[in-house]
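We have chain F; now place chain C with the ligands onto it with these hints.
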Amino acid sequence: MLKELAKFKGFSAKNLPKEEPFAPGHRACQGCGEVLALRLALKALGMNVIAVSATGCMEIISSPFPYTSWRVPWIHIAFENAAAVASGVESALKALKRKGRFPKNRRVDVVVFAGDGGTADIGLQALSGALERGHDFVYICLDNEAYMNTGVQRSSCTPYGAMTTTSPPGEKSFGQMTWKKNVPAIAAAHGIPYVATATPAFFLDLMNKVKKAALVDGPAYVHIFAPCPTGWGTKGEESIMLAKLAVETRIFPLYEVIEGKYYITRKITKPKPVEEYLKRQRRFRHLAEEQIRAIQQRVDAEYERLLKLAECL
Amino acid sequence: MPKGKDTALMSWKEVPFGCYILEPGNSVKFKTGDWRSFRPVLDKEKCIKCGQCYIMCPEPAYEADEEGYYIVDLTYCKGCGICANICPKGAITMVVEEV
Ligand code: SF4
Ligand code: SF4
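Quick note, the sequences are listed as chains F and C, same order. With UniProt numbering, letter number 250 in the first sequence gets 250, and the count goes up by one each step, no holes. With UniProt numbering, letter number 63 in the second sequence gets 63, and the count goes up by one each step, no holes.
Simulated from the structure, these hints should not be mistaken for lab results. Just so you know, these numbers come straight off a predicted model, no measurement behind them. You can trust all of the hints, since none of them are fake.
Derived contacts from chain F toward chain C, CB cut-off under 10 Å, selection only:
no.: 1; residue: His26
no.: 2; residue: Lys43
no.: 3; residue: Ser63
no.: 4; residue: Pro66
no.: 5; residue: Trp74
no.: 6; residue: Pro200
no.: 7; residue: Glu238
no.: 8; residue: Ile240
In silico DSSO-like links for lysine-lysine, alpha-carbon gap of 30 Å or less:
no.: 9; chain 1: C; residue 1: Lys46; chain 2: F; residue 2: Lys244
no.: 10; chain 1: C; residue 1: Lys44; chain 2: F; residue 2: Lys14
no.: 11; chain 1: C; residue 1: Lys89; chain 2: F; residue 2: Lys14
no.: 12; chain 1: F; residue 1: Lys267; chain 2: C; residue 2: Lys89
no.: 13; chain 1: F; residue 1: Lys7; chain 2: F; residue 2: Lys94
no.: 14; chain 1: F; residue 1: Lys244; chain 2: C; residue 2: Lys44
no.: 15; chain 1: C; residue 1: Lys29; chain 2: F; residue 2: Lys18
no.: 16; chain 1: F; residue 1: Lys18; chain 2: C; residue 2: Lys31
no.: 17; chain 1: F; residue 1: Lys279; chain 2: C; residue 2: Lys89
no.: 18; chain 1: C; residue 1: Lys49; chain 2: C; residue 2: Lys89
no.: 19; chain 1: F; residue 1: Lys235; chain 2: C; residue 2: Lys89
no.: 20; chain 1: F; residue 1: Lys279; chain 2: F; residue 2: Lys267
no.: 21; chain 1: F; residue 1: Lys235; chain 2: C; residue 2: Lys44
no.: 22; chain 1: F; residue 1: Lys94; chain 2: F; residue 2: Lys104
no.: 23; chain 1: F; residue 1: Lys235; chain 2: F; residue 2: Lys267
no.: 24; chain 1: C; residue 1: Lys89; chain 2: F; residue 2: Lys272
no.: 25; chain 1: F; residue 1: Lys235; chain 2: C; residue 2: Lys49
no.: 26; chain 1: F; residue 1: Lys267; chain 2: C; residue 2: Lys49
no.: 27; chain 1: F; residue 1: Lys18; chain 2: C; residue 2: Lys89
no.: 28; chain 1: F; residue 1: Lys235; chain 2: C; residue 2: Lys31
no.: 29; chain 1: C; residue 1: Lys46; chain 2: F; residue 2: Lys235
no.: 30; chain 1: F; residue 1: Lys308; chain 2: F; residue 2: Lys270
no.: 31; chain 1: C; residue 1: Lys89; chain 2: F; residue 2: Lys270
no.: 32; chain 1: C; residue 1: Lys46; chain 2: F; residue 2: Lys18
no.: 33; chain 1: C; residue 1: Lys46; chain 2: F; residue 2: Lys14
no.: 34; chain 1: C; residue 1: Lys44; chain 2: F; residue 2: Lys18
no.: 35; chain 1: F; residue 1: Lys244; chain 2: C; residue 2: Lys89
no.: 36; chain 1: C; residue 1: Lys49; chain 2: F; residue 2: Lys18
Think of the CB as a built atom: it goes at the ideal place given N, C-alpha and C, for glycine as much as any other residue.
Isolated chain C, as found in the complex:
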């Protein structure tokens, strides 16, 4: 660490009054995807587009594409495996994340 350089997020002079956070939902900048050790992989052949995976995702990391398939956003997916567990068609498999 260079001497005399402050490594804090900001100096106390810049902290907003009351520690308010003025940008709604800015946690989207925090990429929780790197927590993941398993990744969900979708088999479109089996999927019936019921949306269970989308509604049961705690992040939320799923979004529908133009064709109506629900696609996971790996920037946020923590790899919990709920989607694979609840999919009625067994269309999602969790595979080990490679480094």
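Bound-form chain F, shown alone:
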């Protein structure tokens, strides 16, 4: 176990932080799971953060001029360079401390919020660079599984079979034809101290992981699964239930990778069939028996792989 985490007791339902670094009045859709994930992550981090946002839903809904929902310093940059800008912010902080222009002992966390497009596709190169250079920052990917704010185009995190405007099902196609890119594994492959996956349905788990990510020295990556009613064709009120189902069907397993060692934080011993999750969403409505079977097989195989990683390392 890392020494930075030794003192951290974790949040509980009784000692939740009171402050809300993310203000109401933002323009996220009704029932947006992504903005909930963002709110919870910021709640865990507290007010001493500098946030960097790549372009995406969360940037657009939080900052239509002249309003902002951020109560902490925040900078919006392009899709591709969120991690690069965060590296710069972190280095600048270090330099200011060295020159005595910023209190040496004051702890400020640098955190990136980017979507799956800004992480898995467009920003991957900058992310890899920042992880490799070892900046002390937290990268949070809010994964709603497509480019939602531009009108639901597929990304490399869109799951197999899903309908998007650029992967439409029809005679020759059944929707997205590729499997979801495993970004947490890519991040872990950099040998960084902390990687985790989370979802707002398990809010304490999410907040604890984000806080741990901030506490470790060096880069940390947290991948948060966030339901999007608009892009998925689901009911707004079911967002939390769907996020929970994704975990219970093993589609989105929750785990941590601490210094290369895998820990499954929520073991699912009696998984529900994936169909239960798929059938509640318009983006999967067209799927035939055969594709559902393929998804089930893949999910089982991936979970097996994860179990092996968690055991033998």
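For chain C with the ligands alone, kept in the frame of chain F given last:
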């Protein structure tokens, strides 16, 4: 529109350098409550004050009152219905908003 009157938020001369927004969290002035078509109604008899509705609200629109009940702020509640969906006691019902 009166002739010659500018209806923009501000003139280009007044836009702050870099379009900075200098007032943290000023989106509280933007009342998202008028998006709502359903309103959550709490039955205090059933509520066990667990706070699930408060922590799962994406706005956030819930706040605890002196007695410990979580009360929704209708200025911001968009009526998504997550709170009613997750409440373990079924203490929240969504009712159609009247105009
Ligand atoms: S499009 Fe989806 S992710 Fe974006 S604000 Fe709406 S519900 Fe949230
Ligand atoms: S979720 Fe239900 S029981 Fe829990 S505090 Fe809210 S209204 Fe009360």
